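Residue numbers (my numbering), protein chains in the order written: chain H, 35 to 282; chain P, 58 to 531.
For the record, the hints were derived by calculation from the structure and aren't laboratory data.
All values derive from a computational prediction rather than experimental measurement.
Don't take every hint at face value.
Here are the computed lysine-lysine pairs in the DSS-like style, where the Cα-Cα straight-line distance is at most 27 Å [claimed, not checked]:
| # | chain 1 | residue 1 | chain 2 | residue 2 |
| --- | --- | --- | --- | --- |
| 1 | P | Lys-289 | P | Lys-132 |
| 2 | H | Lys-239 | H | Lys-171 |
| 3 | P | Lys-527 | H | Lys-62 |
| 4 | H | Lys-264 | P | Lys-510 |
| 5 | H | Lys-102 | P | Lys-527 |
| 6 | H | Lys-278 | H | Lys-62 |
| 7 | P | Lys-432 | H | Lys-207 |
| 8 | H | Lys-278 | P | Lys-520 |
| 9 | H | Lys-239 | P | Lys-510 |
Here are some of the chain P residues that sit facing chain H, going by a computed Cβ distance under 10 Å [to be verified]:
| # | residue |
| --- | --- |
| 10 | Leu-70 |
| 11 | Leu-472 |
| 12 | Lys-510 |
| 13 | Tyr-529 |
If you want the ones that stay clear, here's a sample from chain P, every Cβ over 10 Å from chain H, calculated [claimed, not checked]:
| # | residue |
| --- | --- |
| 14 | Glu-127 |
| 15 | Glu-130 |
| 16 | Glu-150 |
| 17 | Glu-170 |
| 18 | Tyr-247 |
| 19 | Val-273 |
| 20 | Thr-286 |
| 21 | Asp-306 |
| 22 | Gly-320 |
| 23 | Phe-329 |
| 24 | His-411 |
| 25 | Pro-495 |
Ideal Cβ placement from N, Cα and C applies to all residues, glycine included.
In case you want the letters, here they are:
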Amino acid sequence: MRVSLFVTCIIDYLFPQVGVAVVKTLQKLGVEVVFPMEQTCCGQPAFNYGYRDEARRVARHCLKALEKSECVVCPSGSCTAMIRHHYSELFENEPEFQKKSQEIACRTFEFTEFLTRVMKTSFLREVTRTATEKKEKVCYHDSCHLSRELGIREEPRALLRHLPGIEVVEMEKADECCGFGGLFSAYLPEVAGAIADGKIDSILKCSASSVVACDMGCLMHLHGRIARRKLPIQCLHIAEVLTKWMGE
Amino acid sequence: MPIHFRNNSVRALSDEFLQSALRRTGTHFRQGRNRAVEATPDWEELRSRAHEIKKEVIHHLNFYLTQLIENVERKGGHVHQARTAEEACRVVEGIARSHRVQTIVKSKSMVSEEIELNAHLQKAGFYVVETDLGEFILQLAGEKPSHIIAPAVHKSREQVAMLFAQKLGLPEEMARETSIEALTEIARKYLRGKFLQAEVGVTGVNFAVAETGTLVIVENEGNARFTTTYPKVHIALMGIEKIIPRWEDLSIFLTLLPRSATGQMMTSYVSFLNGSRGEDEEDGPVELHLVLLDNGRSKMLKHPLLQQTLYCIRCGACLNFCPVYQTVGGHAYGGVYSGPIGAILTPQMQGFPHALPLPYASSLCSACADVCPVKIPIPQILLSLRYQSRKSDTLPFRSNFPLERLAFYSWSVLLSSPWLYRWIFPLLLRFSWLLSHPLFSRVAPAILSSYLKEHALPSLPSKSFYQRWKEYER
Numbered sequence: 035m036r037v038s039l040f041v042t043c044i045i046d047y048l049f050p051q052v053g054v055a056v057v058k059t060l061q062k063l064g065v066e067v068v069f070p071m072e073q074t075c076c077g078q079p080a081f082n083y084g085y086r087d088e089a090r091r092v093a094r095h096c097l098k099a100l101e102k103s104e105c106v107v108c109p110s111g112s113c114t115a116m117i118r119h120h121y122s123e124l125f126e127n128e129p130e131f132q133k134k135s136q137e138i139a140c141r142t143f144e145f146t147e148f149l150t151r152v153m154k155t156s157f158l159r160e161v162t163r164t165a166t167e168k169k170e171k172v173c174y175h176d177s178c179h180l181s182r183e184l185g186i187r188e189e190p191r192a193l194l195r196h197l198p199g200i201e202v203v204e205m206e207k208a209d210e211c212c213g214f215g216g217l218f219s220a221y222l223p224e225v226a227g228a229i230a231d232g233k234i235d236s237i238l239k240c241s242a243s244s245v246v247a248c249d250m251g252c253l254m255h256l257h258g259r260i261a262r263r264k265l266p267i268q269c270l271h272i273a274e275v276l277t278k279w280m281g282e
Numbered sequence: 058m059p060i061h062f063r064n065n066s067v068r069a070l071s072d073e074f075l076q077s078a079l080r081r082t083g084t085h086f087r088q089g090r091n092r093a094v095e096a097t098p099d100w101e102e103l104r105s106r107a108h109e110i111k112k113e114v115i116h117h118l119n120f121y122l123t124q125l126i127e128n129v130e131r132k133g134g135h136v137h138q139a140r141t142a143e144e145a146c147r148v149v150e151g152i153a154r155s156h157r158v159q160t161i162v163k164s165k166s167m168v169s170e171e172i173e174l175n176a177h178l179q180k181a182g183f184y185v186v187e188t189d190l191g192e193f194i195l196q197l198a199g200e201k202p203s204h205i206i207a208p209a210v211h212k213s214r215e216q217v218a219m220l221f222a223q224k225l226g227l228p229e230e231m232a233r234e235t236s237i238e239a240l241t242e243i244a245r246k247y248l249r250g251k252f253l254q255a256e257v258g259v260t261g262v263n264f265a266v267a268e269t270g271t272l273v274i275v276e277n278e279g280n281a282r283f284t285t286t287y288p289k290v291h292i293a294l295m296g297i298e299k300i301i302p303r304w305e306d307l308s309i310f311l312t313l314l315p316r317s318a319t320g321q322m323m324t325s326y327v328s329f330l331n332g333s334r335g336e337d338e339e340d341g342p343v344e345l346h347l348v349l350l351d352n353g354r355s356k357m358l359k360h361p362l363l364q365q366t367l368y369c370i371r372c373g374a375c376l377n378f379c380p381v382y383q384t385v386g387g388h389a390y391g392g393v394y395s396g397p398i399g400a401i402l403t404p405q406m407q408g409f410p411h412a413l414p415l416p417y418a419s420s421l422c423s424a425c426a427d428v429c430p431v432k433i434p435i436p437q438i439l440l441s442l443r444y445q446s447r448k449s450d451t452l453p454f455r456s457n458f459p460l461e462r463l464a465f466y467s468w469s470v471l472l473s474s475p476w477l478y479r480w481i482f483p484l485l486l487r488f489s490w491l492l493s494h495p496l497f498s499r500v501a502p503a504i505l506s507s508y509l510k511e512h513a514l515p516s517l518p519s520k521s522f523y524q525r526w527k528e529y530e531r
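Take the sequences, apply the hints, and build the full model.
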């Protein structure tokens with residue numbers, strides 16, 4: 035099976051190691067990964083801020099970059115939701131692009147969605163190495179667009195539970211927003227910080243050493259607060275956890 | 058004056074009592090609502106039905122309004138239509154004047170807050186008393202509600218005791234009496250006296266059934282029942298969107314409303330009011346007036362997405378589940394309606410630039426849409442309002458955000474040409490160390506430096522994923 039990786043702008047420039055982990059995980063499962071070199075961003079920041087002309091310009095380019103892909107995998111619930119749900123609205127007056135966006139949306143999957151629904155999780159069992167060290171406690175944060183717009187809640191947890199060295203603990207209010215919201219956190223930094231603090235308090239309460247999520251936006255925001263508060267909590271993208279336990 | 062959401066929210070964050078009150082009541086309301094929903098197996102089906110019924114009402118609003126008016130009048134009621142807040146206030150004033158009354162009792166009504174009825178009536182020389190406990194407290198304090206169903210949620214028992222002692226002329230030692238029972242008893246005694254003096258009672262309306270002309274009021278304190286039965290004249294105020302077509306539709310809405318609002322299966326009182334007192338009847342008002350308020354609502358009917366704002370049944374569930382509301386409380390929204398529903402309603406009623414910050418006071422997490430009992434697509438409406446506020450052809454905003462527009466324009470040009478993107482982005486990142494330089498905070502825009510105060514930036518990688526992929530391919 036061959037997939038095109040839509041790595042997202044935030045992973046490309048700020049967290050390339052996550053992109054590498056995504057590629058490694060997919061390759062380990064026997065998936066051939068290609069990287070469409072023309073890709074940039076899905077256009078969500080401008081769309082969410084009300085600048086639809088600007089969002090359309092970027093989205094048109096995104097569609098062109100992904101047009102030849104048979105199947106697109108994207109390690110972000112937010113960007114996947116943008117392509118799947120909001121492109122249609124964005125291109126309501128451009129039928130040609132709207133049609134193209136719907137075609138691409140049909141074959142675009144969020145990373146954990148792809149692993150569990152297209153690949154089936156049972157694959158993982160065969161490729162993970164056995165645990166030798168003490169189990170690591172992690173909790174999972176539901177990013178809003180992944181859980182509410184794509185309906186993916188159980189899948190990432192199921193993947194984590196397959197890993198031998200991981201104990202998944204549930205934090206309170208795991209599905210509550212972390213306060214990131216893209217430019218929201220720059221527009222109302224104090225409020226965004228206070229919301230993140232609430233989230234961090236529930237992570238501390240469940241005594242997990244790491245918080246795992248499927249969106250680098252949330253993780254960057256949480257990490258920014260955790261680092262300011264000098265707390266010993268790691269923020270990890272699920273792909274990083276998966277590769278760690280899949281052996282060489 | 059535009060609403061200063063950010064300043065208001067910073068103030069709210071440093072108000073320790075408000076923060077603990079929000080945590081306590083938020084948890085209470087959320088747990089109650091979730092428990093009630095779990096105990097209602099056909100919840101999703103009910104939500105969909107309610108959404109469809111509201112859609113039907115809004116699409117045929119004139120038809121159902123006419124039907125409602127006919128049926129209320131047939132049952133002896135008088136109907137008044139008010140286009141603006143001012144008009145509605147004058148209607149109420151006129152009715153009160155024609156009866157030469159002094160004291161008016163009121164039960165809780167968001168519409169009366171919206172049109173600032175109390176201030177109007179007091180200026181006209183009437184003595185108005187709020188009889189809902191929360192609203193009574195706010196009236197004494199001269200404040201606005203901070204929650205749709207728990208208006209005085211931001212006040213502590215101690216503050217209330219002090220307020221009662223000062224404003225009700227009680228002996229000073231009463232200010233130390235802070236048990237809920239004692240405070241309620243004080244209010245109850247005081248209000249009972251006012252009820253007996255009042256000749257006019259003003260209430261809101263939760264639902265108005267078009268086919269029967271029935272006005273339905275949902276409450277827990279019994280004060281609305283008192284307001285509609287004891288005074289000779291009852292004036293009911295409602296927004297034109299509160300109509301329900303048929304009697305049988307009520308069962309759906311009376312299931313959804315209390316469960317979403319307080320987690321109750323049913324409120325302590327549900328009153329079904331059918332016209333004025335008939336000749337063979339012993340109670341009910343001698344005169345019933347229904348004031349139908351537009352105040353910008355019919356303007357919202359034009360847009361197929363935005364009109365769904367009018368589906369709202371004012372349960373307050375979106376406030377209880379909104380991470381932003383739960384962090385800053387209702388007053389930060391600078392109006393009568395707060396939380397997600399306020400963020401979409403106020404801009405449509407009061408327009409931009411006054412309400413400009415409100416659609417942006419959301420992280421677009423969609424928790425509100427998940428719990429809304431009538432399935433209002435609040436996040437989509439927020440996005441649509443943001444778009445309208447930035448669109449240059451409908452509003453003269455082009456000049457208002459020149460830098461912002463330029464930034465988004467350049468960003469979009471950069472990201473739609475891969476060559477520029479791959480050349481300029483790494484260059485920008487190379488200079489990102491400037492952000493953490495002490496000098497930067499002096500020259501940077503205030504918003505950026507306050508973001509950096511709250512959040513550490515991620516450490517930057519030496520190579521982008523693109524570069525690493527290119528190397529890997531080689």
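Results for each hint:
1. Lys-289(P) to Lys-132(P): This hinted pair holds, its Cα atoms lying about 16 Å apart.
2. Lys-239(H) to Lys-171(H): Holds. Lys-239(H) to Lys-171(H) sits at ~12 Å (cutoff 27 Å).
3. Lys-527(P) to Lys-62(H): holds (20 Å)
4. Lys-264(H) to Lys-510(P): holds (14 Å)
5. Lys-102(H) to Lys-527(P): holds (19 Å)
6. Lys-278(H) to Lys-62(H): Measuring from Cα to Cα gives roughly 12 Å; hence the hint holds.
7. Lys-432(P) to Lys-207(H): holds (22 Å)
8. Lys-278(H) to Lys-520(P): The given pair, whose Cα atoms are some 21 Å apart, holds under the 27 Å limit.
9. Lys-239(H) to Lys-510(P): Holds - the C-alpha atoms of Lys-510(P) and Lys-239(H) are around 25 Å apart, at most 27 Å.
10. Leu-70: holds (6 Å)
11. Leu-472: With a closest approach of 4 Å, the Leu-472(P) hint holds.
12. Lys-510: Result: holds, 8 Å to nearest chain H Cβ.
13. Tyr-529: Hint on Tyr-529(P): holds, closest Cβ of chain H at ~8 Å, below 10 Å.
14. Glu-127: holds (40 Å)
15. Glu-130: holds (44 Å)
16. Glu-150: Since the minimum Cβ distance to chain H is about 40 Å, Glu-150(P) lies beyond 10 Å and the statement holds.
17. Glu-170: At about 25 Å from chain H, Glu-170(P) clears the 10 Å cut-off, so the statement holds.
18. Tyr-247: holds (38 Å)
19. Val-273: holds (32 Å)
20. Thr-286: Non-interface label on Thr-286(P) holds, nearest chain H Cβ at 43 Å vs cutoff 10 Å.
21. Asp-306: It holds; Asp-306(P) is separated from chain H by about 28 Å at its closest Cβ, greater than 10 Å.
22. Gly-320: Check passes; 17 Å lies beyond 10 Å.
23. Phe-329: Holds, because the least Cβ-Cβ distance between Phe-329(P) and chain H comes to about 37 Å, which exceeds 10 Å.
24. His-411: Since the minimum Cβ distance to chain H is about 17 Å, His-411(P) lies beyond 10 Å and the statement holds.
25. Pro-495: Nearest chain H Cβ is 16 Å from Pro-495(P), so the label holds.
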